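Chains as they are written, first to last, in my numbering: chain R, 50 to 143; chain Y, 38 to 255; chain V, 241 to 465.
Source of the hints: derived by calculation from the structure; they are not laboratory data. On a predicted model such as this, the values are computed, not experimentally measured, just so you know. Honestly, I wouldn't trust all of these hints.
To be verified - EDC-like cross-link-like pairs, simulated, lysine to aspartate or glutamate; straight-line CA separation at most 16 angstroms:
(1) Y:Lys166 with V:Asp402
(2) Y:Lys166 with Y:Glu240
(3) V:Lys252 with V:Glu320
(4) R:Lys138 with Y:Asp254
(5) V:Lys252 with V:Glu316
Stated by the list, open to error - What follows is a set of in silico ranges between Cβ atoms, one per label pair, in the way DEER data are often shown:
(6) V:Leu378 with Y:Thr55: 54 to 64 angstroms
(7) R:Leu123 with Y:Val159: 14 to 24 angstroms
(8) Y:Ala46 with V:Ala442: 46 to 56 angstroms
(9) R:Gly125 with V:Gly435: 53 to 63 angstroms
(10) Y:Val48 with R:Leu110: 51 to 61 angstroms
(11) R:Leu57 with Y:Trp142: 19 to 29 angstroms
(12) Y:Trp219 with R:Leu110: 16 to 26 angstroms
(13) V:Gln284 with Y:Ala46: 50 to 60 angstroms
(14) V:Val449 with Y:Val207: 23 to 33 angstroms
(15) R:Pro96 with Y:Arg245: 47 to 57 angstroms
(16) R:Leu123 with V:Arg317: 29 to 39 angstroms
Unchecked claim - A few chain R residues facing chain Y, derived, Cβ under 10 angstroms:
(17) Ile64
(18) Ala103
(19) Val108
(20) Val119
(21) Glu129
(22) Glu134
Heads up, the beta-carbon is just placed ideally off N, CA and C, and yes, glycines get one too.
So the chains spell out like this:
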Amino acid sequence: MKLSTVILVVGCLSIGLGAVVDAQPPPPPQQDEFVPIDQLPPQDQLPAAPMLVAAYCFVVLALFAYLVSVARRLTGVQRELERLEGDVKRGGSA
Amino acid sequence: MPNWFMPLAVVCGLMFATAPILIANAPYESTMGLVQKIFYVHLPSAWMFLVGAIVCGIASVRFLFRGDPRQDRLAWAAAELVVLFGAITLVTGPLWARKAWGVWWQWDVRLTSSLMGWMVAVAYLLLRKYGGPGSDKLAAGLALFGMANVPFVYISVNYWRTIHPTTNVVPTLPTSFGLPLWFSAVTFLLLFILLLRMRVRLEEQRARVDALYLSMDA
Amino acid sequence: MFGQIVWLVLRKDFTIEVRSLEIAYTTLFFAISCVLVFAFALVQEGRAPEGGAAGILWIAIAFAGTLALGRTFERERQAETLRALLLAPAARPAVYVGKLLGIVLLLTAAEFVLVPLVALLFQAPLFAHPIWLALILLTGTIGFAAVGTLFAAMLVRARSRDVLLPVLLYPITVPVIIAGVRATSALLAPEVDAGVLQVWLALLVCFDVVFLTLALWTFEPLMTD
Numbered sequence: 050m051k052l053s054t055v056i057l058v059v060g061c062l063s064i065g066l067g068a069v070v071d072a073q074p075p076p077p078p079q080q081d082e083f084v085p086i087d088q089l090p091p092q093d094q095l096p097a098a099p100m101l102v103a104a105y106c107f108v109v110l111a112l113f114a115y116l117v118s119v120a121r122r123l124t125g126v127q128r129e130l131e132r133l134e135g136d137v138k139r140g141g142s143a
Numbered sequence: 038m039p040n041w042f043m044p045l046a047v048v049c050g051l052m053f054a055t056a057p058i059l060i061a062n063a064p065y066e067s068t069m070g071l072v073q074k075i076f077y078v079h080l081p082s083a084w085m086f087l088v089g090a091i092v093c094g095i096a097s098v099r100f101l102f103r104g105d106p107r108q109d110r111l112a113w114a115a116a117e118l119v120v121l122f123g124a125i126t127l128v129t130g131p132l133w134a135r136k137a138w139g140v141w142w143q144w145d146v147r148l149t150s151s152l153m154g155w156m157v158a159v160a161y162l163l164l165r166k167y168g169g170p171g172s173d174k175l176a177a178g179l180a181l182f183g184m185a186n187v188p189f190v191y192i193s194v195n196y197w198r199t200i201h202p203t204t205n206v207v208p209t210l211p212t213s214f215g216l217p218l219w220f221s222a223v224t225f226l227l228l229f230i231l232l233l234r235m236r237v238r239l240e241e242q243r244a245r246v247d248a249l250y251l252s253m254d255a
Numbered sequence: 241m242f243g244q245i246v247w248l249v250l251r252k253d254f255t256i257e258v259r260s261l262e263i264a265y266t267t268l269f270f271a272i273s274c275v276l277v278f279a280f281a282l283v284q285e286g287r288a289p290e291g292g293a294a295g296i297l298w299i300a301i302a303f304a305g306t307l308a309l310g311r312t313f314e315r316e317r318q319a320e321t322l323r324a325l326l327l328a329p330a331a332r333p334a335v336y337v338g339k340l341l342g343i344v345l346l347l348t349a350a351e352f353v354l355v356p357l358v359a360l361l362f363q364a365p366l367f368a369h370p371i372w373l374a375l376i377l378l379t380g381t382i383g384f385a386a387v388g389t390l391f392a393a394m395l396v397r398a399r400s401r402d403v404l405l406p407v408l409l410y411p412i413t414v415p416v417i418i419a420g421v422r423a424t425s426a427l428l429a430p431e432v433d434a435g436v437l438q439v440w441l442a443l444l445v446c447f448d449v450v451f452l453t454l455a456l457w458t459f460e461p462l463m464t465d
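Bound conformation, chain R alone (with noise of 0.2 angstroms):
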């Protein structure tokens, strides 16, 4: 895979996910205990929205991208075996 086509893809993930961590409130001091979401104080409480579309595309577009990298690197392997059992049929050497 090219290095550039990596690098845009990476990139837009993680601005991607920038913007999903960029739009959340400061988080709360940490909690010890689980705090049941209607007992938080209302300004703690995050639209859950954003995190579960961000979640399920996270994983599609990853899903996606290993069935993309694995797809291209089978094609291009079996390019050059056909092309080396081409040259092997012709008997001709390296």
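Chain R is fixed; fit chains Y and V onto it per the hints.
Below, chains Y and V without anything else, positioned relative to chain R:
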């Protein structure tokens, strides 16, 4: 590709398409609301992360002690899937945690040991890529240590004080939550098997290319 | 027979090292610089951070250990003595244990200097319970060195071995470092909680057993080539 590949891929694709419907129809969890739905991808990917580490470890043992190159190919493919599903787990988890716990990350046992296991898999891939000749055996040794981490990751949450849910949650899920979860889990498992088979095929083709080069130089 | 080989390997390493003391001095100096860098970076208004001593001690041990491992096996590689060792009619696990003990001794020597230094620079009462501290340091060092010796020996013939050793070593030894730091922190607390301390010590021993077993089991097939 073997006969079962395409039919399985079709089934997996269909399941992937219908999973969101099941997930959307699942009831809301009382305390966490909408964000709990991340559970239906977070848990199956975590399971695939651990399963991948075990597959990699067992294949590595068989490669180390019997020298079968097919096991080596399997181990490398499994390691890549460990990195993939581990990354998904480690991203969806904090996205859920930020809403449910109020913090992105906690240094508790489950999260720390999972991150560590993920880094071992990344180290495995770096070793395979940059280690030069002989790195297949070295990586197999590394994978063994990584596999030793897996039971620790799983049971640690039951014995240490942690905010992460324990392993007791899944067996006691009501059906309305359980159905989308197991559907999602089977989908991810099928995807894992398909990706593993594809990746192993890549290694098989690479090995054929190497063999051809060697035969030409002879 | 096993013990004899371990002793012979250990004595060989010790004799070679004592001639120049190269690895001992350089590792020691590196460990001291490490601690000093932390001191300069973390000390604010002339006061060290609370509870920083345990972490800094173990980081210094980990970094110095990685360096010592790399240098020890680099020396073996340059003199091609590793091949000679493997060709010798000696059980491979015995060779491994001999090398392991050498590394443990080297790190222990470094710790003799590091512990007073950290205690001094970070005002940490490390000498309040010397026996417990010695136990923690010993089990932690053995765990770290067990994995480190295996990986360093494995990587001797690999490419990019210098950077790959830390890359491979640190994720695996994280549990040992965490347990070591937590045990040392528990020891440094004004009221030592013996229960907590024993839990972390037990964990350290557990890690040592697991890592040693795995290393002994895999040393033979990994070094066969």
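Which of the numbered hints are not met once you compare them with the structure shown? Hint check: 10 and 17 fail, others pass.
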